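**Student:** My request is simple: use the sequences and hints to build the entire structure.
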Amino acid sequence: MTYIAKPKFHHPGLKKNELGYTRRDYEGKISTLCAGCGHDSITASIIEACYELSIEPHRVAKISGIGCSSKTPDYFLGNSHGFNSVHGRMPSVLTGANLANRDLIYLGVSGDGDSASIGFGQFAHSIRRAVNMTYIVENNGVYGLTKGQFSATADRGSKSKKGVTNTDNAIDLVAIALQLGATFVARSFSGDKTQLVPLIAAAIRHKGASFIDVISPCIAFNNHAGSTKSFDYVREHNDAVNRLDVLVGRDPIAVDYAPGTVQVVEQHDGSKVALRKIDADYDPHDRLGAMTFLQKHAAKGQIVTGLLYVDPDAEDLHEHLNTVETPLNTLEADALCPGSAVLDKINASLR
Amino acid sequence: MPDKNPLSSVNDFVVRFANVNGSGSASANEMFARAILRHGVPVSPRNIFPSNIQGLPTWYEVRVTEAGHLGARGGVDMMVAMNPQTWDKDVAGIEPGGYLFYDSTKPMPSTKFRDDITVIGVPLTAITNSTYTDPRQRQLFKNIIYLGSLSALLDMDPKLIEQLIGEQYKGKEKLLSSNVHALHLGRDWALQNLKCPIGLRVKKSDKVGDRIFIEGNSAAALGAVYGGATVCAWYPITPSSSVAEAFTAHCKKYRHDPETGKAKYAIVQGEDELASIGIVIGASWNGARAFTATSGPGISLMTEFIGLSYFAEIPAVIMNIQRAGPSTGMPTRTQQCDIIACAYASHGDTKHVLLFPEDPAEAFEFAAAAFDLAERLQTTIFLMLDLDIGMNHRLCRPLKWDDARQYDRGKIMTAEMLEEGRDFGRYLDVDGDGIPYRTYPGTHPTKGSYFTRGTSRDRYARYSEEGTVYADNMQRLVRKFETAQDLVPRPLQANAERPTKYGVIYFGSTSPAMDEAVGLLEARGHQLDRLRIRAFPFHSSVASFLAEHDFVYVVEQNRDSQLRQLIVNENGIDPVRLVPIVHYDGTPITARFIAKAIGDHQDHLKVTPLRKAVS
Ligand SMILES: Cc1ncc(C[n+]2csc(CCOP(=O)(O)OP(=O)(O)O)c2C)c(N)n1
Ligand code: SF4
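Top to bottom, those sequences are chains U and Y. Sequential numbering of the first sequence, starting at 1, is according to our numbering. Sequential numbering of the second sequence, starting at 1, is according to our numbering.
Derived from the structure by calculation, the hints contain no laboratory data. Predicted model only: the values in this text are computed from it and were never measured. Don't be surprised by glycine CBs; every beta carbon is placed ideally from N, CA and C. Heads up, some of the hints might be wrong.
To be verified - Reference excerpt, derived from the structure (chain Y facing chain U, CB under 10 Å, subset only): (1) 113; (2) 160; (3) 218; (4) 231; (5) 256; (6) 267; (7) 407; (8) 440; (9) 446; (10) 448.
Claimed, not checked - Computed footprint of chain U on chain Y, listed as stretches where at least three residues anywhere in the stretch have a Cβ under 8 Å from a Cβ of chain U: (11) 207 to 216; (12) 273 to 287; (13) 304 to 314; (14) 398 to 404; (15) 449 to 455.
**Tutor:** Okay, here's the thing in structure tokens:
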């Protein structure tokens, strides 16, 4: 058997969340990725975020494309349905799933190869359509699963493991997401759980297209000197604009932030995102400002992380399409079929 | 000088309108066809149009057919030549003894006419210009004016046309009266200046009955509404765009919650066909009925996802309105050329269910059935229309719906069933029909979740690359396809009056031409048993039909006789016994063509009709 089940043993002393679930209830199968792969840390952050939000695991639909990153949904939320679709086409599958049942939580997981190359179009269009989802790109700058080719997010001038220099310009998915109208845009680093967990939690609470680009070093093919997506490089060049915590409206969590340094952003669903501003002038409500900020720092070789932009009043695709509140997948013939009397009228109009 | 010997016929002739794309002639021409229908005389109209928006030639052909032959006939008895660009070709195409109707405002040299036809000139531009000053009005009303003149020439009842205009412009009194005025301008001029009626005439009859007049694409879209489709994702492509457009229009009318005004449907114009089918698959995976409509190039793009639908067993409905391929081919010409591409779409060993409706009524029924089949079989179902049915109005029996009908949602494992302790293996063949149970996402907190993937997995959906596990799954998919044989519409057989060793197989839009060809062949002394295939996988009666006949003609509209290939491949039949009869120039196949091709072959075989069967 090429699959490893996780032992179901639960330690009685494990902490429980509001729903009575422990962290273990948010886990999936044992990862088959390389030990130390950044993607596994993102998996851990997703588990943590869902646990903290007290999400019912089975109410999440986790959808991915193809790649090491896209395998990860198998490693978290074992009680939810997962869908490992085809390379680069996660966004359309997620869009369809979301249209069918607006009541579930949609988590899209993709790689930089998946989203910035073959799936660049689908990435863009799912965002411009404002699909209510959390779209996470596990960005390692290489094709991991096919063994180390450059991806479209690899920086110009960076070196492959084989010593080849990349001469193509990089696609910055965060910049693109901002331009396309994503209403929640963030960047983080797989190694920075303190930043990543609340970002994921806030993205899940956000209604609309949330996009998080997570730099996630590939231990096997992109963690060497000369790579701009290695652990060391990212640690050295990381410039966090803010740290945040999600405050769920109904039961606020106390935050230990000193007054004056915390900016609270209310989300559409009533939850609040508290930002600790590192840059005193940084305003996460200013799309244009975010774009400029990003470009300025990129030019200096700095990787800006944190919540870059959020629109608390965002709408989603269902609102744009004005669909009924009842999930479309529950409607049956009585609600959908106009019936034979109407058909007789239609027939009469066609004579 | 050749004798004109003008054609003379009541309720049995072909009129062809030659126009310039964008001149607004389409609605006048369609009104002409409808007016004849209102006389109780069947018509079979066809659009012949270029893949261009403005300026190029277009034709609209109306076959007036008391006998009710709905296929194309071939040949033109009366040409309404409104396009100077195509004049020579149009004039040359008229049958000897036929009629040429033209705008005689500007004199034409006699060399531009033929001696063996009757030329009818009406100074359309002069009449129009003396009445209207606005250029757009001039263009539009000229069409109504020629309609008026034709009504006099063909002895049509103007009241019936007025009635149609009244229905079209209901509530828009000004447009209504100005159209009626234009109609009479043309009609009166003809009555005063020409010998009316000519040899071709329309006489009231009662041959239309309760039949309706509808385009296949519109009927298919209505089938999707009745069949419970809630998600439609599409990308524009001729000749399929009107499916999604009609679905949108029908949904706007019939699918809003009366209280909230909210939509019980979601329609997304995808960024391409990859996204469209991806949305369909995502929605179907999550338990909604979803479809896309496309044509050949779109199918090519969708194939990777179609393979996923097959292997991961996710329902999907694809309406393929075929056009002439390969590549961009002839985008506005008809063919039945995607049979192989759809039957075996995608890499690896795949097989898909195809449905072949013959007319709009079946397009409606099969479209609705496609959603039941997709959910029952958890796979892609192709509704195979073509431009000829899709974009032309056809006379067909009224659409029917049984209000007691519930949707077949297939094998769904519910939370209650899981609670009862039912064993859930996503790819477990519990009933021996190859069809496993599925759960919708979000069903149960701890039971029934699984991981969907295009990669090999075991019966419990656990990733596995073991050869035996993979083969076990592939075998089950074969069983499932066998089950499909009995779920899809069966072939319909019609036997010749006398026993015969020869048969013919045909499908889809070839139907009306084939029905008519049978009569022509009988007149030549050839008897043929007919089998109309309505779906793939083939029902066992296809093999029986083949076994019962020495030779079977397979009539289809593509170069390589793709249905024949599929029959040979799937039934292990000796190809020699299947004689391809193919028509693939992009025009719809005609009875004349079929009768000639089969008749010549039969003559060559020196076939003599069999005596009555000896019992
Ligand atoms: C249509 C198609 N083309 C190519 C592949 C091969 N392929 C599998 S994964 C992959 C790249 C994955 O890269 P990325 O999305 O960056 O994920 P990573 O493995 O780096 O996490 C490619 C090219 C495929 N599966 N399908
Ligand atoms: S190859 Fe790279 S991306 Fe893939 S699992 Fe290994 S470390 Fe992770």
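**Student:** Could you tell me which of the hints above the structure violates, numbers in ascending order?
**Tutor:** Result: hints 1, 2 break, sorted rising.
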